[in-house]
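Fit chain B to the given chain A structure using the hints.
Protein chains in written order, with our numbering: chain A, 12 to 122; chain B, 211 to 322.
Watch out, some of these pointers could steer you wrong.
On the chain A side, residues computed to face chain B include the following (Cβ under 8 angstroms) [stated by the list, open to error]:
| no. | residue |
| --- | --- |
| 1 | TRP18 |
| 2 | PRO19 |
| 3 | ASN43 |
| 4 | ALA50 |
| 5 | LEU57 |
| 6 | TYR60 |
| 7 | VAL62 |
| 8 | GLY98 |
| 9 | LEU101 |
| 10 | ILE106 |
| 11 | THR107 |
| 12 | GLY108 |
| 13 | GLN111 |
| 14 | PHE113 |
| 15 | GLY114 |
Think of the hints as simulated: they come from the structure by calculation, not from any bench. We treat Cβ as the ideally placed atom computed from N, Cα and C, and that holds for glycine.
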Amino acid sequence: SQTIHQWPATLVQPVGSPLSLECTVEGTSNPNLYWYRQAAGRGLQLLFYSVGIGQISSEVPQNLSASRPQDRQFILSSKKLLLSDSGFYLCAWAITGDTQYFGPGTRLTVL
Amino acid sequence: GESVGLHLPTLSVQEGDNSIINCAYSNSASDYFIWYKQESGKGPQFIIDIRSNMDKRQGQRVTVLLNKTVKHLSLQIAATQPGDSAVYFCAENGVGYSTLTFGKGTMLLVSP
Chain A
12 SQTIHQWPAT
22 LVQPVGSPLS
32 LECTVEGTSN
42 PNLYWYRQAA
52 GRGLQLLFYS
62 VGIGQISSEV
72 PQNLSASRPQ
82 DRQFILSSKK
92 LLLSDSGFYL
102 CAWAITGDTQ
112 YFGPGTRLTV
122 L
Chain B
211 GESVGLHLPT
221 LSVQEGDNSI
231 INCAYSNSAS
241 DYFIWYKQES
251 GKGPQFIIDI
261 RSNMDKRQGQ
271 RVTVLLNKTV
281 KHLSLQIAAT
291 QPGDSAVYFC
301 AENGVGYSTL
311 TFGKGTMLLV
321 SP
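Same shape as in the complex, but just chain A (with noise of 0.2 angstroms):
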């Protein structure tokens, strides 16, 4: 079965530090990846997506990046971090045309 993982759990940065979050999947090959983030009672905003390796779509303009250095690691990136950074991080995997589903998430604060 497949399994997604994220690191850490929880972050507590101060404002300009770097960034570097982690997404993981075991157990399929080739998956796309996502990156979503949440608002405290929003909904999800899309912020980057893959469907291989070097390949990264960006879906909104910000202080933020996104690499993936191998099939199935996903890494969210900021050498900057900003205020408005803080919030609830999901990554997940699909295979094209299916359902998406969801890591644990990073609860992000920026002080």
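Below, chain B alone, put in the same frame as chain A:
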């Protein structure tokens, strides 16, 4: 642009009642729809899906209905339990079928 929306932001029911959560979509080209359940502090969990060649699909205590004529999707939960309390999102497949468009979510509150 195209979007998926929900009629009711909060739904309060008594334990044992049946719950119905509604969703309107605007992209007539969408052919795949999903319902997710999200508990506080957790990632969304897949509940049930339906493709546009079907009108109804049933799972364990849940039923999804699709009305393509009026572009309406609903999730029915039978004998609602306190553990069903969560935010429910509908989603539809987007352009190119690599992404999903999510609705804003409905909070379901179940009282014992």
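Results for each hint:
For the restraint placing A:TRP18 at the interface with chain B, the shortest Cβ-Cβ distance is roughly 13 angstroms, beyond the 8 angstroms limit, so the hint is violated. For the restraint placing A:PRO19 at the interface with chain B, the shortest Cβ-Cβ distance is roughly 14 angstroms, beyond the 8 angstroms limit, so the hint is violated. About 6 angstroms separates the beta-carbon of A:ASN43 from the nearest beta-carbon of chain B, less than 8 angstroms, and the hint is met. This hint is violated: A:ALA50 has a C-beta 12 angstroms from the nearest C-beta of chain B, more than the 8 angstroms allowed.
Checking A:LEU57 against chain B by beta carbon gives a least distance of about 6 angstroms; that is within 8 angstroms, so the hint holds. For A:TYR60, the suggested interface contact is upheld, since its CB lies about 6 angstroms from the closest CB of chain B, less than 8 angstroms. For the restraint placing A:VAL62 at the interface with chain B, the shortest Cβ-Cβ distance is roughly 6 angstroms, inside the 8 angstroms limit, so the hint holds. Below 8 angstroms, beta-carbon pairs count as interface contacts, and A:GLY98 has none with chain B, the closest being about 13 angstroms; its hint is therefore violated.
Against a cut-off of 8 angstroms between C-beta atoms, the interface hint on A:LEU101 holds, since the closest Cβ of chain B lies about 5 angstroms away. Of the supplied interface hints, the one on A:ILE106 is violated, with its beta-carbon coming no nearer than about 10 angstroms to a beta-carbon of chain B, more than 8 angstroms. Satisfaction of the interface hint for A:THR107 is found here, the shortest Cβ-Cβ separation to chain B being roughly 6 angstroms, below the 8 angstroms cut-off. Hint status for A:GLY108 relative to chain B: holds, with the closest Cβ pair at about 5 angstroms, below 8 angstroms.
Satisfaction of the interface hint for A:GLN111 is found here, the shortest Cβ-Cβ separation to chain B being roughly 6 angstroms, below the 8 angstroms cut-off. Taking 8 angstroms as the C-beta cut-off, the interface hint given for A:PHE113 holds, the closest approach to chain B being about 4 angstroms. Taking 8 angstroms as the C-beta cut-off, the interface hint given for A:GLY114 holds, the closest approach to chain B being about 5 angstroms.
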